[in-house]
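Q: Next come the chains, spelled out residue by residue.
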Amino acid sequence: MSSPRGPKACGGGAADRQIHVLAVDDSSVDRAVIARLLRSSKYRVTTVDSGKKALELLGLQEPNVNMIITDYWMPEMTGFELLKIVKESSALREIPVVIMSSENVPNRINRCLEEGAEDFLLKPVRPSDVARLCNRMR
Amino acid sequence: MCTDASVAVALTNGRHRTAALTDMMRQRTGAAITFLFVRQHCDRGSEAKSPPSLEETWSLLQSRGDMELGGLQRRYIDFTSALFREGFLDNQYTQLQQLQDESNPEFVLEVVTLFFQDSEKLLDELSRTLDQQVVDFKKVDAHVHQLKGSSARFSTSCPFKLFLLGAQRVKNVCMAFRNCCEERNQEGCLRCLQQVRQEYFLVKSKLETLFRLEKQILAAGGSVPVLW
Chain A
1 MSSPRGPKAC GGGAADRQIH VLAVDDSSVD RAVIARLLRS SKYRVTTVDS GKKALELLGL
61 QEPNVNMIIT DYWMPEMTGF ELLKIVKESS ALREIPVVIM SSENVPNRIN RCLEEGAEDF
121 LLKPVRPSDV ARLCNRMR
Chain B
1 MCTDASVAVA LTNGRHRTAA LTDMMRQRTG AAITFLFVRQ HCDRGSEAKS PPSLEETWSL
61 LQSRGDMELG GLQRRYIDFT SALFREGFLD NQYTQLQQLQ DESNPEFVLE VVTLFFQDSE
121 KLLDELSRTL DQQVVDFKKV DAHVHQLKGS SARFSTSCPF KLFLLGAQRV KNVCMAFRNC
181 CEERNQEGCL RCLQQVRQEY FLVKSKLETL FRLEKQILAA GGSVPVLW
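Here the protein sequences come in this chain order: A and B.
The UniProt record's numbering puts the first residue of the first sequence at 1, with every later residue one more than the last.
The UniProt record's numbering puts the first residue of the second sequence at 1, with every later residue one more than the last.
I should point out that these hints are in silico values taken from the structure, not numbers from a laboratory.
Yeah, the Cβ is synthetic: ideal placement off N, Cα and C, and Gly gets one too.
Just to be clear, a hint being listed does not mean it is correct.
[Claimed, not checked] Quick list of simulated restraints, FRET-style, between CB atoms:
| hint | chain 1 | residue 1 | chain 2 | residue 2 | range |
| --- | --- | --- | --- | --- | --- |
| 1 | A | 89 | B | 175 | 15 to 23 Å |
| 2 | A | 132 | B | 94 | 19 to 27 Å |
| 3 | B | 185 | A | 103 | 22 to 30 Å |
| 4 | B | 124 | A | 53 | 22 to 30 Å |
[Stated by the list, open to error] Sample of chain B residues lacking proximity to chain A, with all beta carbon distances greater than 12 Å (derived):
| hint | residue |
| --- | --- |
| 5 | 72 |
| 6 | 75 |
| 7 | 78 |
| 8 | 95 |
| 9 | 100 |
| 10 | 110 |
| 11 | 112 |
| 12 | 115 |
| 13 | 118 |
| 14 | 121 |
| 15 | 139 |
| 16 | 142 |
| 17 | 176 |
| 18 | 219 |
| 19 | 221 |
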């Protein structure tokens, strides 16, 4: 039963392979919100609170991650730095990376897109933003 | 079996009906709310009857005025409207409510609890950092940055801005806070921290009242109005 408010679940995809999104954000509140949004679109979601933990997870044998969605501003490693590392890695560069930020800074947005980010979302992220990402999954 | 409150609620599922009912309520109560959307609360398996007219609905709601549930709901609406007006709540709170449903019935409470935990951790961190012999102002500044989030209208990275505690008030305190960091002014920082602490506990008590009202409404068998 679909919620009247929630986005439509992404159609297609093999029944045995649920789309897996890795969400990276140092704020537990934001993690809760993005996880809720993604799960209501029927994605499998793993949340981590830092770029470092994200890379640990991605370094595993079979991370099976179809998309990375990361906050921009995080202590120790920003989302931009994480993006660069992913795009420079032959193993990971095919994974689409989406950056989220509460700050609307055009230079920042351009830099991220130039570095290979798939999309840039302004917080608060809405169900329509998540629906838009549907087509960008690997 | 639908309760009386639920019958009134069922009426307002359609947007056009919601708007009409809201207009009527606004005119008759002079309430400062912009929209009132009352979520369906009928038990599963109840029959969908043809909904009562607006007049019938209005008298239903009126008649509940003296009864506990209607009174509770009115108090909730008044309280929440005031919080919106005073800048303690904003659309983000409403968006959180919209993410709450049968499969995630406690979503807002969960998020707000995280907000309390994060904020208090941050406040403690700030206290500790400012209490050192040699203060690491860069660290203080980083924490305040987290506190303030961005200048964007809705900032979820800032636990305080999430609920817009009188946005201007927090923004000013955080700006002053960051200035003190730049000037390496420990006294100034401590004063700012005190102010931020006060704002936070004010928000916390308002939110706790909100949740208490919600619990009372649910206990009385009613549904919690969602304002937007």
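Q: Next step is simple, just say for each hint if it's right about the structure.
A: Status of each hint after checking the structure:
{"no.": "1", "hint": "A/89 x B/175: 15 to 23 Å", "verdict": "violated, 40 Å"}
{"no.": "2", "hint": "A/132 x B/94: 19 to 27 Å", "verdict": "holds, 21 Å"}
{"no.": "3", "hint": "B/185 x A/103: 22 to 30 Å", "verdict": "holds, 26 Å"}
{"no.": "4", "hint": "B/124 x A/53: 22 to 30 Å", "verdict": "holds, 23 Å"}
{"no.": "5", "hint": "72", "verdict": "holds, 25 Å"}
{"no.": "6", "hint": "75", "verdict": "holds, 26 Å"}
{"no.": "7", "hint": "78", "verdict": "holds, 25 Å"}
{"no.": "8", "hint": "95", "verdict": "violated, 6 Å"}
{"no.": "9", "hint": "100", "verdict": "violated, 9 Å"}
{"no.": "10", "hint": "110", "verdict": "violated, 6 Å"}
{"no.": "11", "hint": "112", "verdict": "violated, 9 Å"}
{"no.": "12", "hint": "115", "verdict": "violated, 5 Å"}
{"no.": "13", "hint": "118", "verdict": "violated, 6 Å"}
{"no.": "14", "hint": "121", "verdict": "violated, 10 Å"}
{"no.": "15", "hint": "139", "verdict": "violated, 10 Å"}
{"no.": "16", "hint": "142", "verdict": "violated, 6 Å"}
{"no.": "17", "hint": "176", "verdict": "holds, 20 Å"}
{"no.": "18", "hint": "219", "verdict": "holds, 25 Å"}
{"no.": "19", "hint": "221", "verdict": "holds, 23 Å"}
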